[in-house]
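Novice: First to last, the protein sequences are chains A and Z. Take 1 as the starting number for the first sequence in my numbering and just add one per residue. Take 1001 as the starting number for the second sequence in my numbering and just add one per residue.
Keep in mind that the hints were calculated from the coordinates and are not lab data. Any given hint could be a false lead.
Claimed, not checked - In silico DMTMM-like links for lysine to aspartate or glutamate, alpha-carbon gap of 25 Å or less:
no., chain 1, residue 1, chain 2, residue 2
1, A, Lys605, A, Glu274
2, A, Lys470, Z, Glu1062
3, Z, Lys1104, Z, Glu1035
4, Z, Lys1147, A, Asp686
5, Z, Lys1104, A, Asp531
6, Z, Lys1147, A, Asp535
7, A, Lys89, A, Glu274
8, A, Lys290, A, Asp93
9, Z, Lys1108, Z, Asp1132
10, A, Lys588, A, Glu447
11, A, Lys698, A, Glu554
12, Z, Lys1104, A, Glu554
13, Z, Lys1108, A, Glu329
14, Z, Lys1075, A, Asp45
15, A, Lys76, A, Asp93
16, A, Lys321, Z, Glu1167
17, Z, Lys1113, A, Asp649
18, A, Lys297, A, Glu329
19, Z, Lys1147, A, Asp476
20, Z, Lys1147, Z, Glu1094
21, Z, Lys1147, A, Asp748
22, A, Lys787, A, Asp748
23, Z, Lys1133, A, Asp535
24, Z, Lys1108, A, Asp649
25, A, Lys587, A, Asp430
26, A, Lys648, Z, Glu1062
27, A, Lys658, Z, Asp1118
28, A, Lys648, Z, Asp1132
29, A, Lys321, Z, Glu1062
30, Z, Lys1133, Z, Glu1181
31, A, Lys698, A, Glu537
32, Z, Lys1147, A, Asp430
No experiment lies behind these values; they were computed from the predicted model shown.
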Amino acid sequence: MCNPLNIEDIDKKHTISEDHEDDIIDDQYIDITNDLFNSLSLITDHQVVKSDYFNLLEGTRAIEVLNPRLDTALIKLQPSDLSFNTNDKQSIDNVISIQNKLFQLLMSWLNNSSLPVTVLSCRYIQTLLENYTFTRNQGSKNLLDQCSFKNLRFFETKEMQDKNQSLDDDVEYQLVHKVLKIFSIAITKFIGICITIGVNVLYEEEDINTRNMNLDFLTEVDEEIVIEQIDQCSEWILTLNLQDKSDILISQLNLSKYLLKIVTILNHKVNLTEPTEDNLHLVEFLLKAKQIINVLKVQDNTHQPPSGSFSTFIQLDLDNKNIPSEIYEISWEDSWNSLSRLFNNILSYFKSSNALTNHQQLQNFLKYDISYNIENFNVMARGVFQLYIIRDDKSMFGSPNVNLSTYVIEEIESIVGGNIMILKSLQQPDINKSILERIEPLLQDLENSGYHNLTIYAQNPCRQQQLTSKALLLWDTLQVSWEAFEFEVYSTFKIGEEISEGVPTLPISTFIYYTKLNLMIDLAMNGIALDIYQDFEIYVIYWFSTYLLNLLIELVNTRLTSNINQKITYIEKGFPKKIKKLKAGPKKEQLKLQNQINNQEVLPKLIKIQRFNHEYLLNGWSALKELLESVSCYLIVLSSFRLIPVFKDELIFKLRLKPWSSIGVPNLPSFAEYKNSLKFDNSNFDNTKQILTQVKLKLNNTLGLYKQLIHEIENNESFNEFWVNNEQILLWYHQLSSTVKSYSQELDQFVAILNDNKSNLNSLSTSYKVQISTGHHRHFPTIKVIKRK
Amino acid sequence: MTSNSLITVINDLEYHQFDVSSQDEFNQISSLISEHLSEPYSIYVYWYFLNTWPQYCIIVREKDHSTIIGVIISKVEPHRNVRMRGYIGMVVIEPKFRKLGIGKSLVKLTIQKMIEVDNVDEIMLETEVINDKAINLYQNLGFLKVKRLYRYYLNTHDAFRLILPIEEKATTRIAFLPPIEQA
Chain A
1 MCNPLNIEDI
11 DKKHTISEDH
21 EDDIIDDQYI
31 DITNDLFNSL
41 SLITDHQVVK
51 SDYFNLLEGT
61 RAIEVLNPRL
71 DTALIKLQPS
81 DLSFNTNDKQ
91 SIDNVISIQN
101 KLFQLLMSWL
111 NNSSLPVTVL
121 SCRYIQTLLE
131 NYTFTRNQGS
141 KNLLDQCSFK
151 NLRFFETKEM
161 QDKNQSLDDD
171 VEYQLVHKVL
181 KIFSIAITKF
191 IGICITIGVN
201 VLYEEEDINT
211 RNMNLDFLTE
221 VDEEIVIEQI
231 DQCSEWILTL
241 NLQDKSDILI
251 SQLNLSKYLL
261 KIVTILNHKV
271 NLTEPTEDNL
281 HLVEFLLKAK
291 QIINVLKVQD
301 NTHQPPSGSF
311 STFIQLDLDN
321 KNIPSEIYEI
331 SWEDSWNSLS
341 RLFNNILSYF
351 KSSNALTNHQ
361 QLQNFLKYDI
371 SYNIENFNVM
381 ARGVFQLYII
391 RDDKSMFGSP
401 NVNLSTYVIE
411 EIESIVGGNI
421 MILKSLQQPD
431 INKSILERIE
441 PLLQDLENSG
451 YHNLTIYAQN
461 PCRQQQLTSK
471 ALLLWDTLQV
481 SWEAFEFEVY
491 STFKIGEEIS
501 EGVPTLPIST
511 FIYYTKLNLM
521 IDLAMNGIAL
531 DIYQDFEIYV
541 IYWFSTYLLN
551 LLIELVNTRL
561 TSNINQKITY
571 IEKGFPKKIK
581 KLKAGPKKEQ
591 LKLQNQINNQ
601 EVLPKLIKIQ
611 RFNHEYLLNG
621 WSALKELLES
631 VSCYLIVLSS
641 FRLIPVFKDE
651 LIFKLRLKPW
661 SSIGVPNLPS
671 FAEYKNSLKF
681 DNSNFDNTKQ
691 ILTQVKLKLN
701 NTLGLYKQLI
711 HEIENNESFN
721 EFWVNNEQIL
731 LWYHQLSSTV
741 KSYSQELDQF
751 VAILNDNKSN
761 LNSLSTSYKV
771 QISTGHHRHF
781 PTIKVIKRK
Chain Z
1001 MTSNSLITVI
1011 NDLEYHQFDV
1021 SSQDEFNQIS
1031 SLISEHLSEP
1041 YSIYVYWYFL
1051 NTWPQYCIIV
1061 REKDHSTIIG
1071 VIISKVEPHR
1081 NVRMRGYIGM
1091 VVIEPKFRKL
1101 GIGKSLVKLT
1111 IQKMIEVDNV
1121 DEIMLETEVI
1131 NDKAINLYQN
1141 LGFLKVKRLY
1151 RYYLNTHDAF
1161 RLILPIEEKA
1171 TTRIAFLPPI
1181 EQA
């Protein structure tokens, strides 16, 4: 084996020494032939000469000189690509088709492609950016002058210059230098905005490719100036007699303007504690954009842009870290749909977020409208959402009332109820210094973990899974540190609520445990949506999820419910008694005031939590538990007939459960427990049939639970305080309902197969097999027993 | 081709270890991969693997033929300094020799060698989510899909990361493992 030779070592030994004056050929060039060969002599066979900073990842992206698949210098251009002059006038049809193509390539770029093979393949954009880079520091402050279409590499004779000047009144010349120019500036500026968002909140290459060929995408240009120029240009178009084509030009310009306006939603402040007043006028442009798209997508698109206006020219012309590629273009229809989705997604979350008034609504919005719906989001809508939800000043949705710190406290209170003594003690002037010193970093850890969770919702589905896995570590560590702290503070200072005499409730740790269990279940079940598991693994995931769900239901049913009930009783009875016992005076008045706050603010929130937990959450979880148990039982029976395999190797079993392996509480089930859970004696046909009949009854019961839940969601008006828009939640439960019906049918078919093969059940697996395919719900595939071919 | 490079013969096909001094083998391997894998690799990638881990490059030839019809390229390195991880980088079989179990044999030989020579804790690889044949091959050998990687390939397809656990260490999260030196 040989070690890579460090290229810097060679450089150090063979730099061109100052005393090699003979090597200097002229002012510009130095003869390095000898140095090169001397350097080469240092390289022995089978050594890879590279910089320490050049790793495999760099290597896989390296450009190899003279390899046609990797060397962009070998790209063959057409004569029209070389001679295309962006300074020339163009017909109105050409300008319209160029602008359409730019929309198409913009959306192609946002469909996980790179700039050189999409928008930068447009010679107008390249020329504009090259000129901007060259001229922005050279005097002219006028944006339109800086972004000239004059191609500096084409030599202009005096005659040509005079000719061009005389074109100032030529409409086709102005269509290029007025209309197409400001349109190109707007598209370029929008790309610059996307790059900034991509770099900050999205994942490079997974979500977006921000490599910019060292071009500055007008980062210092204020979008307001561009918008102003667009409006002026639209007015100019109206002065021309272009018939219906002026409408198209103006629509295209307006659409480019609306792209730039997207970021204005980041200045909008959402209340979060009460509905934000009607702000739809602020996003009227999103609606208008959708209308324009509907018009533009049905226009005649047979006219093609002029030859050479889009090409691979830039790939071999400018600094390029990409390999040679053809221009990447999604279809006409897909690009307009994608653009429409961008505006639609933003409008949708803008409207929903403005209606939010409480934490339950916020959590349901983040879970169902954003996270579970994320595959229907345009990548830039995802990026903007991330910035929209957590602003630069750490406020949530720009709310004047809620920032990251208060959000986390509110989240805790929305689960375990308000008036948490350990948090209230922070406001006491006589708080023990040692508590204060220790609680601050713990609260910071809590805030950081809360922030981490908030960054999960708008990520791509694969990243969501990875971030959820990371969250398990964070929340498990939090639970350990908070449990120790809360217990110590209770033991030492008697600060903290009690379940019973001498038994603390540890509210923050309870909240952490609640959050962690939810994350653990999400991680397990979302793996099904990502197709991570093989057929034989589905059972273990349902079995494990049922175990976790049982713990969660128990936690809410017992610890959380009794904790909140205690708080309610205290506010309703205990606190007034306490006031009654006091003599009149300032302390009594102070407690009276507190009593008023308790009744007006704290109590309604506590009652709401109880209602949310018992009327919605627990009903949903109970139905899910029934479903999971039914399918698990069905899978156990199938595996007993060897129709579906099971984990045979403990190491593989442990690898599957690795993401949860470090969790202290709850315990990870063992391989022995898993194997034990699969035990089923199928030798007695009637017994097997009876078990399957019970599964069928359980499924019927589950269906009833889902129907009831759907009915409540649709009709119970008081449920509206749990969400601002029930569309996605209803879809979720309708899909689960369809899943139950489907399993019921699959079970019937299996029972029929068993009946038909009663005498030959031992060899059932030789004639039949299980087919697992996409089901009605992301977490539940169809599980069918079919005849082998 | 040297006779001592011969690893085994299966179904009249010879499995050899790559000869690091053979320019011809290097050229044949890079051409075979370049022709049949969708991702284009620079010469550096080949040099990186073949020079650093020549023992983990196995080539396949028909008996008495000099043309390489299949190749597997792999490496073994410590992963985050806590686990010894084998990585299967590329497996390519000339189309007309596919469905003969050559890929499976190459992977099995590599796994065996990684365990014997480097005591690997786990073996890892990535494959396109739509490549059912490859996924089945690896899953049948005990690999488990552990991660889905969003738009991992240039063609925008997602990838699955698969792992074959060899030792208990493969089932423990990185943060809970001691550094290799101290283990």
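Novice: Does each hint fit the structure? Answer for all of them.
Specialist: A quick look at each hint next to the structure:
1. A:Lys605 - A:Glu274: 14 Å, holds
2. A:Lys470 - Z:Glu1062: Not satisfied, since the Cα-Cα distance of roughly 48 Å exceeds 25 Å.
3. Z:Lys1104 - Z:Glu1035: Roughly 20 Å separates the two Cα atoms, so the pair holds.
4. Z:Lys1147 - A:Asp686: 42 Å, violated
5. Z:Lys1104 - A:Asp531: This hinted pair holds, its Cα atoms lying about 23 Å apart.
6. Z:Lys1147 - A:Asp535: At roughly 16 Å apart (the allowed maximum being 25 Å), Asp535 of chain A and Lys1147 of chain Z satisfy the hint.
7. A:Lys89 - A:Glu274: Given that 25 Å is the threshold and the Cα spacing comes to 56 Å, the pair is violated.
8. A:Lys290 - A:Asp93: 23 Å, holds
9. Z:Lys1108 - Z:Asp1132: 19 Å, holds
10. A:Lys588 - A:Glu447: Violated: Lys588 of chain A and Glu447 of chain A sit about 36 Å apart, past 25 Å.
11. A:Lys698 - A:Glu554: 20 Å, holds
12. Z:Lys1104 - A:Glu554: Not satisfied, since the Cα-Cα distance of roughly 48 Å exceeds 25 Å.
13. Z:Lys1108 - A:Glu329: 41 Å, violated
14. Z:Lys1075 - A:Asp45: Holds - the C-alpha atoms of Asp45 of chain A and Lys1075 of chain Z are around 20 Å apart, at most 25 Å.
15. A:Lys76 - A:Asp93: 28 Å, violated
16. A:Lys321 - Z:Glu1167: Not satisfied, since the Cα-Cα distance of roughly 40 Å exceeds 25 Å.
17. Z:Lys1113 - A:Asp649: Given that 25 Å is the threshold and the Cα spacing comes to 21 Å, the pair holds.
18. A:Lys297 - A:Glu329: Holds. Lys297 of chain A to Glu329 of chain A sits at ~16 Å (cutoff 25 Å).
19. Z:Lys1147 - A:Asp476: OK: Lys1147 of chain Z and Asp476 of chain A at ~21 Å, within 25 Å.
20. Z:Lys1147 - Z:Glu1094: Since the Cα atoms of Lys1147 of chain Z and Glu1094 of chain Z sit roughly 29 Å apart, the hinted pair is violated (cutoff 25 Å).
21. Z:Lys1147 - A:Asp748: 35 Å, violated
22. A:Lys787 - A:Asp748: Holds. Lys787 of chain A to Asp748 of chain A sits at ~15 Å (cutoff 25 Å).
23. Z:Lys1133 - A:Asp535: 16 Å, holds
24. Z:Lys1108 - A:Asp649: It holds: about 18 Å lies between the C-alpha atoms, which stays within 25 Å.
25. A:Lys587 - A:Asp430: 17 Å, holds
26. A:Lys648 - Z:Glu1062: Violated - the C-alpha atoms of Glu1062 of chain Z and Lys648 of chain A are around 37 Å apart, more than 25 Å.
27. A:Lys658 - Z:Asp1118: Answer holds: Lys658 of chain A to Asp1118 of chain Z is near 23 Å, not above 25 Å.
28. A:Lys648 - Z:Asp1132: 23 Å, holds
29. A:Lys321 - Z:Glu1062: Violated: Lys321 of chain A and Glu1062 of chain Z sit about 40 Å apart, past 25 Å.
30. Z:Lys1133 - Z:Glu1181: Cα-Cα ~39 Å, so violated.
31. A:Lys698 - A:Glu537: Holds: Lys698 of chain A and Glu537 of chain A sit about 23 Å apart, inside 25 Å.
32. Z:Lys1147 - A:Asp430: 51 Å, violated
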